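A.B. asks: In order, the protein sequence lines correspond to chains P and C.
Here the first sequence stands for residues 249 to 355, numbered as in the numbering used here.
Here the second sequence stands for residues 1012 to 1103, numbered as in the numbering used here.
Since the hints were derived computationally from the structure, they do not count as laboratory data.
Note that this is a predicted model, so its numbers are computed, not measured.
You may find that some hints are simply not true.
Below are the DSS-like pairs computed for lysine-lysine, each with C-alpha atoms no more than 25 Å apart in a straight line [unchecked claim]: (1) 1044(C) - 1097(C); (2) 332(P) - 1044(C); (3) 1024(C) - 251(P).
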Amino acid sequence: MNKGDLIVELAKLYPNFNKHDIGVMVDTFFDSIVEALARGERVELRGFGTFGVKERQGRTARNPRSGQIVTVPAKRVPFFRVAKELRAEVNKQAFPGTGPEVRNTES
Amino acid sequence: MTKADIVERIYEKVGFSKKEATDVVESIFEIIKGRLEQSEKVKISGFGNFVINAKRPRKGRNPQTGEEITISGRRVLSFKPSPVLKKAINPA
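Here chain P stands alone, though its shape is the one from the complex (with noise of 0.2 Å):
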């Protein structure tokens, strides 16, 4: 499923908004999540997961093929951390009969 399949299946369920107004909400969802990132925040989303950022250091790194040292500059990476509930789901839908029982798996 993409972006505009997703604003297909919400357009079915609201049949009295229009596409364009479904589109700019689904468009703000995301937008609003990636400028609280920006900001440096975290995105608790219950029952669904949460996004954050964290800081990686600089370091120094080799170029495999020369051999050259190059230094990599410190910078923000986004994750994400599945739900509990939403971690069950997956699983247990892919498994059928296996059981919800879900281990921690997070690096």
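Chain P is already provided as a structure; the job is to place chain C on it using the hints.
C.D. replies: The following block gives chain C in isolation, referenced to the frame of chain P:
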């Protein structure tokens, strides 16, 4: 930031009522979750992709007791941020 703040943003941007904005936000989550539960990939351009990976069973060890256990195969959800998102949080 939480769901309520997203609702607020949508409410400000589009002329709908707060109730309607809340319903649409709730529906977005439900639709995405429904697809992921069917192991379907969800791609949101400019944001990132939610993908389901199948993990094979593997041997693990209880770090506390040293006891060896088999960790069952499973499906896990992971998020691959889009280059746009990565760039947004690293202002040049």
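A.B. asks: The structure should be examined with respect to each hint, and the outcome stated for every one.
C.D. replies: For each hint, the structure was consulted:
no., hint, result
1, 1044(C) - 1097(C), "holds, 23 Å"
2, 332(P) - 1044(C), "holds, 13 Å"
3, 1024(C) - 251(P), "holds, 19 Å"
Hint violations for this structure: none, all hints satisfied.
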